[in-house]
Amino acid sequence: MRLRSTVCETEVIVTKGHGDLDVGCGGQPLVEAGAEVPAGQQISADATGGTQMGKRYVDDDAGLELLCTRPGAGSLTLAGEVLPIKGAKPLPASD
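To convert a position in the sequence shown, counted from 1, into the numbering used here, add 719.
Derived DSSO-like pairs: lysine-lysine, alpha-carbon spacing no greater than 30 Å straight-line:
| # | residue 1 | residue 2 |
| --- | --- | --- |
| 1 | Lys805 | Lys774 |
| 2 | Lys774 | Lys735 |
| 3 | Lys735 | Lys808 |
| 4 | Lys774 | Lys808 |
| 5 | Lys805 | Lys735 |
Pair ranges (Cβ atoms, derived):
| # | residue 1 | residue 2 | range |
| --- | --- | --- | --- |
| 6 | Met720 | Glu800 | 19 to 27 Å |
| 7 | Ile732 | Thr767 | 17 to 25 Å |
| 8 | Ala758 | Ala812 | 51 to 59 Å |
| 9 | Pro811 | Val750 | 36 to 44 Å |
| 10 | Lys735 | Pro811 | 18 to 26 Å |
| 11 | Asp739 | Arg789 | 21 to 29 Å |
| 12 | Glu800 | Val750 | 17 to 25 Å |
It is worth saying that the hints were derived from the structure and are not from the lab.
C-beta atoms are modelled at their ideal positions from N, C-alpha and C, and glycine is treated no differently.
Generate coordinates for the entire structure from the input sequences, incorporating the hints supplied.
Right under this line is the structure:
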């Protein structure tokens, strides 16, 4: 499922999870990529951390993973809480 922000350029693909979650960006809910964007919405002051292209944003408790395909100024959130970037997997030691 492809989603986009209504307040900035951010676009994501849901790689894990389902559509019933309260996922947002910049303090506003994400919409499907082809949906019309409501006019007059602005980024919330507490959700301006931005997104990075190619990074995965996760919430392990909810089983959600989003892949950012287009960066923007708003922070990705789940139920109002900012989603962290998924950490890199450690490589096996080579002895």
